[in-house]
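Colleague: Sequence:
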Amino acid sequence: MKLVTWNVNSLKVRLPQVLDWLQTNPVDVLCLQETKLTDDKFPVSEIEAAGYQVVFSGQKTYNGVAILSRHPITDVVKNNPLFEDEQQRLLTVTIAGMRIVCAYIPNGQSVDSDKYTYKLRWLDALSQWLEAELKQHPQLALLGDYNIAPADADVHDPALWEGQVLCSDAERAAFQRLCALPLADAFRLFPQAEKLFSWWDYRQMAFRRNRGMRIDHILLSPPLAARCTACEIDKLPRKWEQPSDHTPVIATLD
DNA sequence: ATGGCCTCGGTTCGAGGA
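Here the first sequence is numbered in our numbering, starting from 79 and rising by one per residue.
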């Protein structure tokens with residue numbers, strides 16, 4: 079069983095790449111963020127033709143999440159019932175006995191921004207929602223673009239980013255509150271090479287210089303963490319023409 | 001050098017991303 083998260087930065091632009099990637103990576107569940115499509119424009123037939131069921135929650139221009147699955151999808155919940163939000167950032171479903179949560183956590187822009195306050199409130203409400211969900215669904219996975227680098231090891235230049243958005247103490251504390259639910263960072267269940275990232279800025283040749291951050295994560299509840307045998311970042315799509323600035327993160331479960 | 005790039009909407013620039 080393979081669970082994947084990928085911020086595609088516009089599914090309209092990236093659909094061919096998603097379908098190409100699935101051809102060589104026939105995964106079970108693929109969570110997408112930043113689809114940037116209203117629901118009436120979602121490419122349902124193309125995805126179904128590739129052998130996947132799909133649910134989605136989108137809006138014009140910004141945000142938008144989707145879950146693709148090779149197995150039946152049931153019990154769909156859009157957004158967080160505990161948090162009034164016009165932005166489409168959260169989608170929860172059941173697949174193969176697992177509660178799958180796809181999240182596009184707010185970016186926050188900068189620590190002195192209203193968007194940062196919104197990010198922290200959003201994260202607080204997410205923790206509350208997941209705490210309740212975990213009671214009913216012990217097998218739960220939270221996949222998405224967290225817009226948080228959990229530790230300095232997840233940042234190309236920790237000194238440059240110290241205290242900045244994505245790395246601030248409050249954001250990292252919110253990440254740790256998710257981990258305390260408890261949920262385990264699948265990537266850190268295994269020995270990993272240094273300087274492995276999931277996002278690189280489009281500017282300054284950041285990818286070629288590996289000036290990136292690990293901000294896309296898969297968190298697993300204890301029963302799923304116990305089944306997890308690997309967690310990898312696939313850098314290949316970042317090398318393609320017209321790439322997303324994020325790459326897929328893949329968790330393998332027995 | 002307080003920017004560099006990409007996407008969208010809607011026009012040829014501003015907002016947002018991270």
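The set of hints was computed from the structure by calculation and includes no laboratory data. Wrong hints could be hidden among the right ones.
[Said to hold, decoys possible] List time: in silico DSS-like cross-link candidates among lysine-lysine, alpha-carbon distance up to 25 angstroms:
#	residue 1	residue 2
1	LYS156	LYS80
2	LYS80	LYS138
3	LYS193	LYS138
4	LYS90	LYS119
5	LYS213	LYS273
6	LYS313	LYS156
7	LYS156	LYS138
8	LYS119	LYS138
9	LYS90	LYS317
[Said to hold, decoys possible] So the derived label-pair ranges between C-beta atoms look like this:
#	residue 1	residue 2	range
10	ARG286	LYS213	26 to 32 angstroms
11	LYS213	GLN165	23 to 29 angstroms
12	VAL154	LYS119	36 to 42 angstroms
13	ASP192	PRO301	19 to 25 angstroms
14	GLN282	ASP190	22 to 28 angstroms
15	LEU274	PRO216	16 to 22 angstroms
16	ALA271	ASP332	19 to 25 angstroms
17	SER188	LEU274	39 to 45 angstroms
18	ASP332	VAL154	23 to 29 angstroms
19	ASP190	PHE161	35 to 41 angstroms
20	ASN103	ASP190	18 to 24 angstroms
21	ARG255	GLN131	20 to 26 angstroms
22	SER188	ARG255	20 to 26 angstroms
23	THR195	PRO269	24 to 30 angstroms
We put the CB at the ideal spot given by N, CA and C, even for glycine.
Colleague: Against this structure, judge whether each hint is valid.
Modeller: So, going through the hints one by one against the coordinates:
1. LYS156 x LYS80: Roughly 23 angstroms separates the two Cα atoms, so the pair holds.
2. LYS80 x LYS138: With Cα atoms ~30 angstroms apart, LYS80 and LYS138 exceed 25 angstroms; violated.
3. LYS193 x LYS138: holds, 19 angstroms
4. LYS90 x LYS119: Roughly 9 angstroms between the alpha carbons, so the hint for LYS90 and LYS119 holds.
5. LYS213 x LYS273: Measuring from Cα to Cα gives roughly 36 angstroms; hence the hint is violated.
6. LYS313 x LYS156: Violated, at roughly 30 angstroms.
7. LYS156 x LYS138: holds, 16 angstroms
8. LYS119 x LYS138: holds, 10 angstroms
9. LYS90 x LYS317: With Cα atoms ~19 angstroms apart, LYS90 and LYS317 stay inside 25 angstroms; holds.
10. ARG286 x LYS213: 26 to 32 angstroms: Between ARG286 and LYS213, where Cβ atoms are some 46 angstroms apart, the hint is violated.
11. LYS213 x GLN165: 23 to 29 angstroms: holds, 26 angstroms
12. VAL154 x LYS119: 36 to 42 angstroms: With a Cβ separation near 19 angstroms, VAL154 and LYS119 fall outside 36 to 42 angstroms, so the hint is violated.
13. ASP192 x PRO301: 19 to 25 angstroms: violated, 39 angstroms
14. GLN282 x ASP190: 22 to 28 angstroms: holds, 24 angstroms
15. LEU274 x PRO216: 16 to 22 angstroms: Taking Cβ atoms as reference, LEU274 and PRO216 lie about 29 angstroms apart, which means the hint is violated.
16. ALA271 x ASP332: 19 to 25 angstroms: holds, 23 angstroms
17. SER188 x LEU274: 39 to 45 angstroms: violated, 26 angstroms
18. ASP332 x VAL154: 23 to 29 angstroms: holds, 26 angstroms
19. ASP190 x PHE161: 35 to 41 angstroms: violated, 23 angstroms
20. ASN103 x ASP190: 18 to 24 angstroms: violated, 40 angstroms
21. ARG255 x GLN131: 20 to 26 angstroms: Taking Cβ atoms as reference, ARG255 and GLN131 lie about 32 angstroms apart, which means the hint is violated.
22. SER188 x ARG255: 20 to 26 angstroms: holds, 22 angstroms
23. THR195 x PRO269: 24 to 30 angstroms: 37 angstroms Cβ-Cβ, so the 24 to 30 angstroms window is violated.
Consistency with the previously given hints fails for numbers 2, 5, 6, 10, 12, 13, 15, 17, 19, 20, 21, 23, ordered from lowest to highest.
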